[in-house]
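Asks: So you can see what is in the structure, the chains are spelled out below.
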Amino acid sequence: MRNYEIMFIVNPNAQDEEIDKINGQIETIITSGGGKIDKIEKMGKRRLAYEVDRQREGHYVLFVMSANGEIIKECERRLRVMDAVIKYITVRVDEEARRMDKIKNYRQKRAARRGSHASAAAGGQSTEEAMQ
Amino acid sequence: MKSPSSREKRPAGQKQYYRRKKVCKFCVERIDSINYKDVKLLSQFVPERAKIMPRRISGVCSQHQRQLNDAIKKARNIALLPFTTE
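So the protein sequences, as listed, match chains A and B.
Heads up, the first sequence is in the working numbering, so the first residue is 1 and it goes up one at a time.
Heads up, the second sequence is in the working numbering, so the first residue is 1001 and it goes up one at a time.
The reader is advised that the hints may include incorrect statements.
Straight-line C-alpha distance at most 27 Å; calculated DSSO-like pairs for lysine-lysine [as the list claims (entries may be wrong)]: (1) A/Lys102 with A/Lys36; (2) A/Lys73 with A/Lys21; (3) B/Lys1040 with B/Lys1022; (4) B/Lys1074 with A/Lys45; (5) B/Lys1037 with A/Lys45; (6) B/Lys1074 with B/Lys1037; (7) B/Lys1025 with A/Lys104; (8) B/Lys1051 with A/Lys102; (9) B/Lys1025 with A/Lys73; (10) B/Lys1074 with A/Lys42; (11) B/Lys1037 with A/Lys36; (12) B/Lys1073 with A/Lys104; (13) A/Lys45 with B/Lys1073; (14) A/Lys102 with A/Lys21; (15) A/Lys39 with A/Lys104; (16) B/Lys1037 with A/Lys21.
Covered stretches of chain A, as calculated for chain B (at least 3 residues, CB under 8 Å) [what the hints assert, rightly or not]: (17) 48-57; (18) 84-91.
The set of hints was computed from the structure by calculation and includes no laboratory data.
C-beta atoms are modelled at their ideal positions from N, C-alpha and C, and glycine is treated no differently.
Turn these sequences into a full structure, and let the hints guide you.
Replies: Written out as structure tokens, the structure is:
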């Protein structure tokens, strides 16, 4: 299982219920395929940076989930077929998240090491940092 | 004590160029991940013509410039940022 983000733009003339319907369809694809949804975010109506399908605005929707390639393939196929969806993008996020963890760990370790150096002067506070 | 102070008091005609050392915004502010959804941040690096600002001007370090590049291109793909200005 990998973590992905799918962002898509729905036609600005679409009603709220229509967006919910699309969200529901995508949701069922993911859950029925064995994936897990972490977040569904309706980012609201935004101006597009350029014209897409003769539209200058669009409703942005963001899905964050853990899924596999099959599910993503099916989602993208469905999004392509839907008339109301004018653009979509899928981004894999787990590699980035892993990199972030690494940096965070490194920082913490460094901070702990620095803390232990200072402990000669400062006292017991650094041991708490080292424990974390 | 004449000689060190004379350096501060420069004669008027003599121009001296001081270029402030540029620093990478992402290193300084400890921004680790450059996300394509963060339009406010990314738009600082796409000037008027919507081109990506070169490193020699923005001072961004090479690692972050690469991440920035990817993020801007993703953002363009989903119409958060323009490819060109019309």
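Asks: Which earlier hints can't be squared with this structure?
Replies: When the structure is compared with the hints, numbers 8, 9, 14 turn out to be violated.
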